[in-house]
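Take these sequences, add in the hints, and give me the full structure.
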Amino acid sequence: MAMEPILTPLVREPGSYTLDFYLQRLDGYQALRKALGMTPDQVIDAVKASGLRGRGGAGFPTGMKWQFVDKKSPKAKYICCNADESEPGTFKDHLLMERNPHLLIEGCAIGCHAIGSSVAYIYIRGEFLHVQHHLEAAIAEAYKAGYLGKNIFGTGFNCDVYMHRGAGAYEAGEETALIESLEGKRAQPRIKPPFPAVEGLYNCPTAVNNVETLCNVPSIVLKGAEWFAALGPEKNGGPKLFCVSGHVVKPGVFEASMHTTVKSLIYDYAGGIANGRQLKAVIPGGSSVPILLPDQIDVPASFDGLMKAGSLLGSAGMIVMDDTTCMVWVAQNLLHFYRHESCGKCTPCREGGDWLLKMLSKIERGEGQMRDIDLLLSVADNIAGKTLCAFGDAAATPVLTTIKQFRHEFEAHIREGRCTCPADWRAKEPVGAH
Amino acid sequence: MSFHPEIPYTTGQHRSERLLSPEGEPFAFTPEQRARFEELASHYPPERRKSAVIFALFMVQEQVGYVSRSGMRHVAAVIGCTPAEVEEVATYYAMFYKQPVGTFVIQVCRTLSCALKGAERVTEEIANALHIKPGETDTTGTFTLVEVECLGACDRAPVVMVNDGWHECQRPEDAVRLLDVVRARGEAGLSGCVHRVEK
Chain A
203 MAMEPILTPL
213 VREPGSYTLD
223 FYLQRLDGYQ
233 ALRKALGMTP
243 DQVIDAVKAS
253 GLRGRGGAGF
263 PTGMKWQFVD
273 KKSPKAKYIC
283 CNADESEPGT
293 FKDHLLMERN
303 PHLLIEGCAI
313 GCHAIGSSVA
323 YIYIRGEFLH
333 VQHHLEAAIA
343 EAYKAGYLGK
353 NIFGTGFNCD
363 VYMHRGAGAY
373 EAGEETALIE
383 SLEGKRAQPR
393 IKPPFPAVEG
403 LYNCPTAVNN
413 VETLCNVPSI
423 VLKGAEWFAA
433 LGPEKNGGPK
443 LFCVSGHVVK
453 PGVFEASMHT
463 TVKSLIYDYA
473 GGIANGRQLK
483 AVIPGGSSVP
493 ILLPDQIDVP
503 ASFDGLMKAG
513 SLLGSAGMIV
523 MDDTTCMVWV
533 AQNLLHFYRH
543 ESCGKCTPCR
553 EGGDWLLKML
563 SKIERGEGQM
573 RDIDLLLSVA
583 DNIAGKTLCA
593 FGDAAATPVL
603 TTIKQFRHEF
613 EAHIREGRCT
623 CPADWRAKEP
633 VGAH
Chain B
506 MSFHPEIPYT
516 TGQHRSERLL
526 SPEGEPFAFT
536 PEQRARFEEL
546 ASHYPPERRK
556 SAVIFALFMV
566 QEQVGYVSRS
576 GMRHVAAVIG
586 CTPAEVEEVA
596 TYYAMFYKQP
606 VGTFVIQVCR
616 TLSCALKGAE
626 RVTEEIANAL
636 HIKPGETDTT
646 GTFTLVEVEC
656 LGACDRAPVV
666 MVNDGWHECQ
676 RPEDAVRLLD
686 VVRARGEAGL
696 SGCVHRVEK
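The listed protein sequences correspond, in order, to chains A and B. Just so it is clear: in the first sequence, position 16 is 218 by our numbering, and no numbers are missing. Just so it is clear: in the second sequence, position 177 is 682 by our numbering, and no numbers are missing.
In case anyone wonders, no lab produced these hints; they're calculated from the structure. Idealized CB from N, CA, C, for every residue including glycine. Among the hints, a few may not be true.
[As the list claims (entries may be wrong)] With a cut-off of at most 35 angstroms between alpha-carbon atoms, the simulated DSBU-like pairs for lysine-lysine come out as follows: (1) B:LYS638 x A:LYS452; (2) A:LYS547 x A:LYS588; (3) A:LYS564 x B:LYS603; (4) A:LYS465 x A:LYS510; (5) A:LYS630 x B:LYS638; (6) A:LYS277 x A:LYS236; (7) A:LYS273 x A:LYS588; (8) A:LYS510 x A:LYS606; (9) A:LYS273 x A:LYS547; (10) A:LYS564 x B:LYS638; (11) A:LYS630 x A:LYS560; (12) B:LYS555 x A:LYS352; (13) A:LYS630 x B:LYS603; (14) A:LYS387 x B:LYS603; (15) B:LYS603 x A:LYS560; (16) A:LYS394 x B:LYS603; (17) A:LYS564 x A:LYS588; (18) A:LYS394 x A:LYS560; (19) B:LYS555 x A:LYS346; (20) A:LYS274 x A:LYS346; (21) A:LYS274 x B:LYS555; (22) A:LYS588 x B:LYS603; (23) A:LYS277 x A:LYS437; (24) A:LYS387 x B:LYS555; (25) A:LYS273 x B:LYS555; (26) B:LYS603 x B:LYS638; (27) A:LYS250 x A:LYS465; (28) B:LYS603 x A:LYS547; (29) A:LYS547 x B:LYS638; (30) A:LYS560 x B:LYS638.
[Claimed, not checked] Here are some, though not all, of the chain A residues that point toward chain B, as calculated from beta-carbon distances under 8 angstroms: (31) SER288; (32) GLY328; (33) TYR364; (34) ALA369; (35) ALA371; (36) TYR372; (37) GLU385; (38) ARG388; (39) CYS445; (40) HIS449.
And the structure:
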């Protein structure tokens, strides 16, 4: 279902990242002006009524998250914007920050007003240095024009927005690990509770929000909660950015409502499967969610729609694979990622991830045995749900889902003692665990 | 580190392990670097200067090329924490080099979306041209080749990062040409990773 883009309307225009462009073409900072005329509770109520759900992956209602922040606490409060976009297949925040940075800054400032904070930190992954420079320039412009700093619009509201650079850690995208990293430590998760809303950054009440989530806030304030909710299915309101990558004709970020089906995103928005091949499988929400088969994709790409279909919307990073793709290799590739990115705090994830990778590499090389398949399932089952954060489930999922949907490929690899689905785009020398 | 009696942890060092960097030359920030650090540290509450440790380690790496032990000790002194606290951060994050590296560090994204578009072949072509394996530096000290995990630009796969500069849509057959371009023009020769969408 086509809709007018709200988050990325003019991102393809030259200079879309400048303050002048934002003010003249996009109602820049009008929402902040309006929000500062409302009480913090009115802002939170509007966000709650809009049904905005976190865009980072978990889909938790943003208004609730803000309401949980202990406003009566005598301590400082903080907004931490999660710009550590690292989920494989996800690149939407990259586009927003690079092409529309003032939208994020405005969202941060409104968030600060709502939870009674005067500081927001944008935690950006270290590899996004070019994006960081765009945001730093935009922040400097906003200070100069009086949209950040002291006494904004003469209301007495003060707000500082600072960039904080990461240095290469997927786990820093987990909210408590992000806070640890911001405090100058290893990005490893904390035991919850206490949740960040009670004890977060520097043990103060904190809200951690994804970039796209905060970018949705200005339009809610400006155009109203009802308008926002009506853009999508019930409880899945608002615009959504979908990232489609892999074997499609036109990979990219597409803004659409959550009425849109996975099928339409692949075939209409991204132009279908490249090189005239057939679709084999799609991972609809970043690498951490279950795979969908071609006959399962005619479902709305919404939080609830994909859950009903047996997968998850996650970060909306859709990785599309054609019929040349070996699913044992896919599991091996993803476990290489999870083994490398495990923070090492919980034993099941740190050790289990390595075992899974080793066994998958063995099967992919053609040296596996039939009992390895059940062993894989057993190890994966001993990681999922047995770690401090959701990383454990994410690391187990690629194994569980590929064996569930493509067990015959694992068996064929073992029976024939070789990869039964080699492709010319893969390494000539098989990449094993090294 | 392995907790299994029969399966050793052989697939390379894990980020949760500690690895000692070389001592390196005696290190200190220049007055300009120190001023830049203090400006960054002022973004955090005064008793939370440690928050700026990642910035400080990047500044060490800018100057030395990797994070040396003398650099870590200087950072600890500047922040007012123990060297161990700095070391645990430096050894954890993937972007900090624990050993000297080549002038240009070629980082090929190896995760699924890039791999589906031929990233493994890109790595192979570069490794063959330089006669090294991923993780190694060539004999001239010009290039270090590493495989990295998802860089967050999957629509422009395969993506290659050279030092801090990005290069998008790297085809395997053009990989060797990329080396020549970087040799001649450095990061200026990269295509960048700005969305090629401006009208």
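Quick rundown of the hints versus the structure:
Proximity of LYS638 (chain B) to LYS452 (chain A) is assessed by CA-CA distance (about 33 angstroms); at most 35 angstroms being required, the pair is judged to hold. Simply put, LYS547 (chain A) and LYS588 (chain A) have alpha-carbon atoms about 12 angstroms apart, close enough for the 35 angstroms limit, and the pair holds. About 30 angstroms separates the Cα atoms of LYS564 (chain A) and LYS603 (chain B), which keeps this hinted pair within 35 angstroms; it holds. Taking the CA atoms of LYS465 (chain A) and LYS510 (chain A), the gap is near 16 angstroms; set against the 35 angstroms cutoff, the hint holds.
At roughly 14 angstroms between alpha-carbon atoms, LYS630 (chain A) and LYS638 (chain B) fall within 35 angstroms of each other, so this suggested pair holds. Note on LYS277 (chain A) and LYS236 (chain A): the hinted pairing holds, with a Cα-Cα distance of about 27 angstroms set against a maximum of 35 angstroms. Between LYS273 (chain A) and LYS588 (chain A) the CA atoms are separated by roughly 33 angstroms; this keeps the pair inside 35 angstroms, and the hint holds. For the suggested pair LYS510 (chain A) and LYS606 (chain A), the alpha carbons sit about 17 angstroms apart, so the restraint of at most 35 angstroms is met.
The straight-line distance between the Cα atoms of LYS273 (chain A) and LYS547 (chain A) is roughly 32 angstroms, inside the 35 angstroms bound, and the hint therefore holds. Under the criterion of a C-alpha separation no larger than 35 angstroms, the hint pairing LYS564 (chain A) with LYS638 (chain B) is consistent with the structure, at around 21 angstroms. Proximity of LYS630 (chain A) to LYS560 (chain A) is assessed by CA-CA distance (about 20 angstroms); at most 35 angstroms being required, the pair is judged to hold. For the hint pairing LYS555 (chain B) with LYS352 (chain A), the CA-to-CA distance comes to about 26 angstroms; that is within 35 angstroms, so the pair holds.
Note on LYS630 (chain A) and LYS603 (chain B): the hinted pairing holds, with a Cα-Cα distance of about 30 angstroms set against a maximum of 35 angstroms. Proximity of LYS387 (chain A) to LYS603 (chain B) is assessed by CA-CA distance (about 17 angstroms); at most 35 angstroms being required, the pair is judged to hold. Proposed proximity of LYS603 (chain B) and LYS560 (chain A) is supported: the alpha carbons are some 25 angstroms apart, at most 35 angstroms. Of the supplied pair hints, the one linking LYS394 (chain A) and LYS603 (chain B) holds, its CA atoms being roughly 33 angstroms apart against a limit of 35 angstroms.
Only pairs whose Cα atoms come within 35 angstroms are accepted, and LYS564 (chain A) paired with LYS588 (chain A) is accepted, the gap being roughly 25 angstroms. The straight-line distance between the Cα atoms of LYS394 (chain A) and LYS560 (chain A) is roughly 31 angstroms, inside the 35 angstroms bound, and the hint therefore holds. Proximity of LYS555 (chain B) to LYS346 (chain A) is assessed by CA-CA distance (about 28 angstroms); at most 35 angstroms being required, the pair is judged to hold. With a C-alpha separation of about 32 angstroms, the suggested pair LYS274 (chain A) and LYS346 (chain A) falls inside the 35 angstroms cut-off, and the hint holds.
This hinted pair checks out: LYS274 (chain A) and LYS555 (chain B) have alpha carbons roughly 27 angstroms apart, not beyond 35 angstroms. With a C-alpha separation of about 32 angstroms, the suggested pair LYS588 (chain A) and LYS603 (chain B) falls inside the 35 angstroms cut-off, and the hint holds. Among the hinted pairs, LYS277 (chain A) with LYS437 (chain A) is consistent with the structure: their alpha-carbon atoms are about 33 angstroms apart, no more than 35 angstroms. The suggested pairing of LYS387 (chain A) with LYS555 (chain B) holds, with an alpha-carbon distance near 8 angstroms, which does not exceed 35 angstroms.
Taking the CA atoms of LYS273 (chain A) and LYS555 (chain B), the gap is about 26 angstroms. The hint holds against a cut of 35 angstroms. With a CA separation close to 18 angstroms, the supplied pair LYS603 (chain B) and LYS638 (chain B) stays within the 35 angstroms bound. Under the criterion of a C-alpha separation no larger than 35 angstroms, the hint pairing LYS250 (chain A) with LYS465 (chain A) is consistent with the structure, at around 30 angstroms. Note on LYS603 (chain B) and LYS547 (chain A): the hinted pairing holds, with a Cα-Cα distance of about 21 angstroms set against a maximum of 35 angstroms.
For a cut-off of 35 angstroms, the pair hint linking LYS547 (chain A) to LYS638 (chain B) stands: about 30 angstroms separates their Cα positions. Simply put, LYS560 (chain A) and LYS638 (chain B) have alpha-carbon atoms about 20 angstroms apart, close enough for the 35 angstroms limit, and the pair holds. Satisfaction of the interface hint for SER288 (chain A) is found here, the shortest Cβ-Cβ separation to chain B being roughly 6 angstroms, below the 8 angstroms cut-off. The closest approach between the C-beta of GLY328 (chain A) and any C-beta of chain B is roughly 5 angstroms, which is under the 8 angstroms cut-off, so the hint is satisfied.
The interface hint given for TYR364 (chain A) holds, since its Cβ lies 4 angstroms from the closest Cβ of chain B, which is under the 8 angstroms cut-off. A hinted interface residue such as ALA369 (chain A) counts as satisfied when its beta carbon comes closer than 8 angstroms to some beta carbon of chain B; here the least separation is about 4 angstroms, so the hint holds. With its C-beta approaching chain B no nearer than about 6 angstroms, ALA371 (chain A) sits inside the 8 angstroms limit, and its interface hint holds. Annotation: interface hint on TYR372 (chain A) holds; nearest CB of chain B at approximately 7 angstroms, less than 8 angstroms.
Nearest Cβ of chain B to the Cβ of GLU385 (chain A): about 6 angstroms, under the 8 angstroms cut. The hint holds. Because the smallest distance between the Cβ of ARG388 (chain A) and any Cβ of chain B comes to about 4 angstroms, under 8 angstroms, the interface hint for this residue holds. Residue-level restraint check for CYS445 (chain A) holds (minimum Cβ-Cβ distance to chain B is 7 angstroms; threshold 8 angstroms). Given the 8 angstroms rule on beta carbons, the hint for HIS449 (chain A) holds: about 6 angstroms separates it from the nearest Cβ of chain B.
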